[in-house]
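These protein sequences, in sequence, are chains A and B.
In terms of my numbering, the first sequence has 102 at position 102, counting the first letter as 1, and numbering is strictly consecutive.
In terms of my numbering, the second sequence has 1193 at position 193, counting the first letter as 1, and numbering is strictly consecutive.
Hints in this document: simulated from the structure, not taken from any laboratory.
These figures come from a predicted structure and were not determined experimentally.
Among these hints, one or two may not hold up.
[Said to hold, decoys possible] Computed footprint of chain A on chain B; a stretch qualifies when at least three of its residues, placed anywhere within it, have a C-beta under 8 angstroms from a C-beta of chain A: (1) 1132 to 1140; (2) 1165 to 1172; (3) 1196 to 1207; (4) 1246 to 1253; (5) 1311 to 1320.
Glycine included, every Cβ here is placed at the ideal spot set by N, Cα and C.
Number of protein chains: 2
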Amino acid sequence: MNRLDVKPRIRGAVDVLGLLERGRTLSAPVLRKAVERLAAPMDTIAAYHFGWIDAAGNPSDGDGGKALRSALALISAEAAGAPPEAGVTGAVAVELVHNFSLLHDDFMDGDEQRRHRDTVWKVHGPAQAILVGDALLALAGEVLLELGTVDATRATRRLNTATRKLIDGQAQDMSFEQRDRATVAECLEMEGNKTGALLACAISIGAVLGGADDATADALERYGYHLGLAFQAVDDLLGIWGTPEQTGKQAWSDLKQRKKSLPVCAALEAGGPAAERLAALLAADAAYAGAAGGAPDEVFGEAEFALRAALIEEAGGRAWTAAEARRQYDAALAALDEIHLPEEVREQLTALADFVVVRRR
Amino acid sequence: MNRLDVKPRIRGAVDVLGLLERGRTLSAPVLRKAVERLAAPMDTIAAYHFGWIDAAGNPSDGDGGKALRSALALISAEAAGAPPEAGVTGAVAVELVHNFSLLHDDFMDGDEQRRHRDTVWKVHGPAQAILVGDALLALAGEVLLELGTVDATRATRRLNTATRKLIDGQAQDMSFEQRDRATVAECLEMEGNKTGALLACAISIGAVLGGADDATADALERYGYHLGLAFQAVDDLLGIWGTPEQTGKQAWSDLKQRKKSLPVCAALEAGGPAAERLAALLAADAAYAGAAGGAPDEVFGEAEFALRAALIEEAGGRAWTAAEARRQYDAALAALDEIHLPEEVREQLTALADFVVVRRR
């Protein structure tokens, strides 16, 4: 990976892995309880998706993801001076929406692996992946409004907005895959919708449930939005140059899907000989894959993807994306300066930003 | 069709088609406005689904459905003594949820025709059908909570519950298709979830938005639930014995999908020679279709379906379902007797029940 040239600002004072662990530990029982409400076989299929059981139905302590959003929602409650527990229902609602989108996107994108395991549509078929995703989305609004407070309604409205942006982002992402190119601005808008909006919701929802005013929630959302874009920039680097061990996905996964991720858009926009050769290849790919009637990963070998990755790097797409991760990281931390926060919370959010941009590689 | 032996109780005093028209007319502009919020190409695809444009993108006054749920939501507001306009946002939210389920179910069920036109997944592909469905579901909660009132939150909670039941019902429906048989009780539970719950929500949501108490809303929900079961019983008859002109679908559509609809379940449960022959055929169908690697409609001819329909009728499944439609119709009207309602509203709801059970054939 490129070095991102970000010095972690918090050194050892904050236990980030402990914060992630707390997010999982406090939200997991409530999440499981919510998922148990689903009619069979959706409850079992959801349990497989979350890594609680394996494909044969046996209990598993499989990788259910980092639950970054849960960790953020609990810190969010503390940002409003409430105990972390005040953010648990918000954490669960956000995780439900996040996992709804994973279930649907994996099918739409044809992704066969997630968290080092076969995706739900591969194991249980597209219909169940769609239906269980639908159920998780519906459940999210249900558990949140069951709190029965005015703040729960405020939180649900923010979650609804984030969910719609998430869906807009997936629509944009898919439409870019059909095109030869997308601009960097289009890509950033798409990623802001697809990743930024729900992280923004995660880091504000606990505060809203804890009684924070809208100005505080909005500033926290800005932190989460930029954190999401930083996260996504790193993810886009991993999507091309990450190993299957790092990503839990196939090698070259973003290139295989013809994703117009940041490194690709930045390379094309940079111009120069490498960018021109890349543009010609991507245009030809589309025609070739269309004529061959298959996705690029079915008609090209590994060397073809390695060539594209090298051209993206030569055109500057890799370096630009690493620099963009840093810019977004800075913007996230700047948003925190706009509001009063308990010092411990500020340190935790800074450490989490460090983790997302610097250590998660 | 069988005669259902229900005498319409209201004769000409209520203009049912006018009520349906009012539902469409008042809700359509708000529905269109909401759908316009979707990012491209979802806005266009949704417009095709609703029949506002054709597949080529030209304006169309295609069949967007009866909008029975919209009509109910406006009457619902009047049931609480509010003007029909007080129910419009509820009508739009319920229509959005209804159409979310149509978009997803058509793909999951492999239905190629809806409202006499190709379904969205056929025209635009599965990914777009899923994504636009997701967007409509998210939009439903969004438009409702934007009202910003305590009653809007109450209405949203009822809509959430109905949505989850709808999804449970689809899960049950799909799981029954994999089985040789389902009991009548299982089928009624499935249909109550899949059809009853959202009609129950439609006829209570306007009242809730108009300030009705929970007891009134609950009684209206019971009316809607039984109306939904009556509606579904008629639909199940049409799904076997209806013509493509009546249904907008292929002939024998429910048999082709191996649906365990009421006539099938009732026939199997009745016993006797016809039921036994039917059971043997359905069990063999599953094995044969499985071995042939296709759905029954790909491996059987029309005569095979005609035979199954005749056996269902001979075993009494058709007559039982017609009688069940009548029982549910009676139960719907009985629910109205539990509460005080403006006399005009009572007459309208009675006329709508007549329409659903008697005239909609």
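Going through the hints against the structure:
no.: 1; hint: 1132 to 1140; in the structure: holds (count 6)
no.: 2; hint: 1165 to 1172; in the structure: holds (count 5)
no.: 3; hint: 1196 to 1207; in the structure: violated (count 0)
no.: 4; hint: 1246 to 1253; in the structure: violated (count 0)
no.: 5; hint: 1311 to 1320; in the structure: violated (count 0)
Checked against the numbered hints listed earlier, the structure breaks hints 3, 4 and 5; every other hint is satisfied.
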